[in-house]
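Asker: Each chain, letter by letter, is given below.
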Amino acid sequence: MPPQEQKTEAKEPIAYELAKKQKEISVAEFFTKNRHLLGFDNKRKALLMAVKEAVDNSLDACEEARVLPEISIEMIQMSEFKYKIIIEDNGPGIVKKQIPNIFAKLLYGSKFHTLKQARGQQGIGISAAVLYSQLTTGKPVKITSRVSKKEPAHYFELGIDTQNNKPVIAKEEIAEWPREHGTKVELDLEAEYIKGSQSVDEYLKQTAVINPHVTLIYTNPKSEQVIYARATDKLPEQAHEIKPHPYGIELGMLMDKLRWTESRTLQSFLSAEFSRVGPGTAKEICSNAALLPNTKPSQVSRDMAEKLLHGIQNTKIIAPPTDCLSPIGKELMEKGLRKEIKAEFYCTASRAPSVYRGNPFIIEAACAYGGEIPKEEKVNILRFANRVPLLYQEGACAMTKSIMETNWKPYGLQQSGDSVPFGPVVIVVHMASVWVPFTSESKEAIANYAEITKEIKLALQECGRQLGAYVRKKTKISDQLERANMFESYIPEVADSLAALTGEKKEKILNGLQKMLVKPEIKQEITEEEDSDDKLYRMEFVKPQQENPENQ
Amino acid sequence: MKKQEKKQVKELESLGLKLVQDIEKGRNPTMEFTLRSLSNIVFDERTKTLSLGKKQQQRSFFNVGHAKKFMQTLEVAKVSKNLIDVQKHASLRDVFYMAKRTIPNSNTNIVDEQAESDNAIEDLELITDCSREQMHINANKMGSVAGNVVVEDAGDSINWSKLGSGGWSIPSNVEDIEFKSVKAKYVIYMEKQAVWERLHEDKFWEKQNCLIVTSQGQTTRGIRRLLQRLNDEHDLPIYVLADFDPWGFYIYSVLKFGSINLAHMSETMTLQNARFLGITADDVTNYDLKKHFIKLKDVDYTRLKQMADYDWFAKHKAWQRQFKMMKDFGAKLEIQALSSKGITFISEKYLPDKIKKGEFLE
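Residue numbers (the numbering used here), protein chains in the order written: chain A, 1 to 552; chain B, 1001 to 1362.
Do not rely on the hints blindly, as some may be mistaken.
Stated by the list, open to error - Which chain B residues face chain A? A few, computed with CB under 8 angstroms, are given here:
no., residue
1, Glu1013
2, Ile1023
3, Asn1028
4, Phe1061
5, Phe1062
6, Asn1063
7, Glu1075
8, Lys1078
9, Ile1103
10, Ser1106
Quick caveat, the hints were computed from the structure, so don't treat them as lab data.
All residues carry an ideal CB built from backbone N, CA and C; glycine is no exception.
Bound conformation, chain A alone (with noise of 0.2 angstroms):
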């Protein structure tokens, strides 16, 4: 449109105009519009989030103050759409300075920047929820924090300004808590509460599941109360931070480094930016990188930095340390396999540690059988992340495709082709990692590296080999009864027979086969591998659909 083109030029240049509208946004106003990037897309997971949130940080928080966590979850439904929930648990409490910060301000926390295995990791959760919270209900987080027996214990009623990510304090008070120290947290909330396997319940007696030293005392909307008492005293190990692997690392994150590192020459930058990198294999990356190692990292540019990458990647480097990682172990995940799932078998995998992208993990497998698992369905699956379940997004992560990808026929289960198998069975696979690579922010399915699939499947082929021994032993025993079952209940009908053809007494044909059935040569037939039955019958051909009137 030639005239309106005119009109435009005439005027300074439309970029000026269109700066006016150009500002930062702020991550918590981005959220508001995206909610669904962190997973309250609806009412349901809505709820379902805001509990795991706030879980999952109650967890970590003890595990890390070394205390046998204990955490009560209450839902109470204000009306139909809207719910109030009550976590409350006995971690380390948080200092009253942090409170705001760490409840009200999006991208707070102290996991994001350590290399560490924890459910958490890039400190949106809970603060998402609140989010959440004052977008439907308008009203403020209630949190209560104790420290310790010697402070009192601080309330507060927090908000979030969206427009600059920062917490609005609506009150704050010193409160009268009997607890020593904790953390209390009061949310309402828009939601709605259903049972089934991507509910509150189901993720909470996952998680007791997955963490046997763990007890929840759940409260439902309905006022039916569980309690998921635990199975061991025993805390996880405490799981180390570790420094980057060289090969997992990206250009930007490495010219950032380079940018704000305290190190004067490019070697002790290598030695002390990254895990597994001393003097000698910073000397050798230099080289293979042909840059000299005294060159300053302020100084290196952005074709020097893809450089060095290159030489990182030409370098053997050996594989990062594994001690940073904290497995549950097959004891206790069978041990938390039985309290919750009434089964007849349990078997459990643990695999060594491995590395994908320069961050090291561990896959755990277990599988319960038969019991109280229904038998015609699909295998339930349970995934886990770092001690956390996975509800959502089953068919898009790395674990349940490496279960479809794995045969189980020859352990004793239903499957056709490259689908989930069929059977009394659960699977559970766990992936502990300092880094778990979801698909999204909201965590909910693991993304598919070779590496990690390859894992996984050696741990379920390990649990399979157990379940198909069991099946098969099973399976013998039931076949060795239905034989004895067999010439028992035939030998009343022979008897019968014979009597009926020679006219002896039935009672003398039946008590001598009887005597028989014990005889040694007997029970062999009866224990013995089935041979296939003589092929005697059926090789006179009929035409097809046709009766043959021999036979009518």
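Once you have looked at the hints, place chain B on chain A.
Answerer: Frame of chain A, contents of chain B only:
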């Protein structure tokens, strides 16, 4: 009780006594009889019939694979003895229902399908060396015959030419039938009831001075025996009219050489000089029938291959030629395709021409 029946009862009793003895002595009760499977079928070049070889099989009760069949065999033995005792006959279907019941305290039936009781009966024939008919077990009447023949059956005199549109229905046991008068030059046996009805309506047997016989599909024992008696006792040649497909060929094969299932009864069943009249591959070309082709299915090809490999066909050039032509056509044909030439084409042209010219396979 007839002499034959006494023998049968005695055979059944001795089977029972042998097994009771086994039990008394603490041995696994076992019956032994000739192996009835393709691996023990012998084609006798001299008599041109199938018969059973010398291989024996054992059936023991305390054997996981045998137990059920053992029980079934004794069950039908008991049924048979009962039938003879009370002087009644039962059909194969009757016997199946007499044996079909659930064993107490189990979820197993003594027999689930008629094939199981039928097999047990055939085994019993081998064990006791008596035919099923002698055990008072008959097949259903499935066939019809028409022509200028008078027979006496169970005291009644029957004229096969005066029985209306249905003809005489052939009983399953024809041993006791007496031929009073036979006025015919040959017999045509056909696979299809519908074709028989066509020929009967056209009074083909009267015009051609022959007999027409049919059953549905596979030939029953009664009909095979009747054909054999007509052939043996009255020197009538037997012509076979079947579909042009592997199954039609097999009907001829069974009539002529015997069947695998009943190889133990070949002597009283086979028709060594039966002739295959049609439909042949040559008919297809001579009568221009290709437009009525039905494509062969995978099962047909498999069956054709098996047929071609049978000992009794393997060296037979004329038959191998038929098999090959069918394979090359990739198609089969029904007898009724001849009706496309006119409804009476088969009776007025096709059959008289073929028989006159002697166009048949042996």
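Asker: Each of the hints needs a verdict: does it hold here or not?
Answerer: A quick look at each hint next to the structure:
Hint status for Glu1013/B relative to chain A: holds, with the closest Cβ pair at about 6 angstroms, below 8 angstroms. With 8 angstroms as the threshold, the beta carbon of Ile1023/B comes within range of chain A, its nearest partner Cβ sitting at about 4 angstroms, so the hint holds. With a least beta-carbon distance of about 7 angstroms to chain A, the hint placing Asn1028/B at the interface is held under the 8 angstroms criterion. For Phe1061/B, the interface hint holds, the least distance from its beta-carbon to any beta-carbon of chain A being 6 angstroms, beneath 8 angstroms.
With a cut of 8 angstroms, the hint placing Phe1062/B at the interface with chain A holds, because the nearest CB-to-CB distance is about 5 angstroms. For Asn1063/B, the shortest C-beta to C-beta distance to chain A is roughly 6 angstroms, which falls under 8 angstroms, so the interface hint holds. Given the 8 angstroms rule on beta carbons, the hint for Glu1075/B holds: about 6 angstroms separates it from the nearest Cβ of chain A. Below 8 angstroms, beta-carbon pairs count as interface contacts, and Lys1078/B has one with chain A at about 4 angstroms; its hint therefore holds.
At about 5 angstroms, the closest approach between the beta carbon of Ile1103/B and any beta carbon in chain A falls short of 8 angstroms, and the interface hint on this residue holds. Annotation: Ser1106/B was flagged as interfacial toward chain A, and the flag holds, the nearest CB pair being 4 angstroms apart, inside 8 angstroms.
Every hint from the earlier list agrees with this structure, and none is contradicted.
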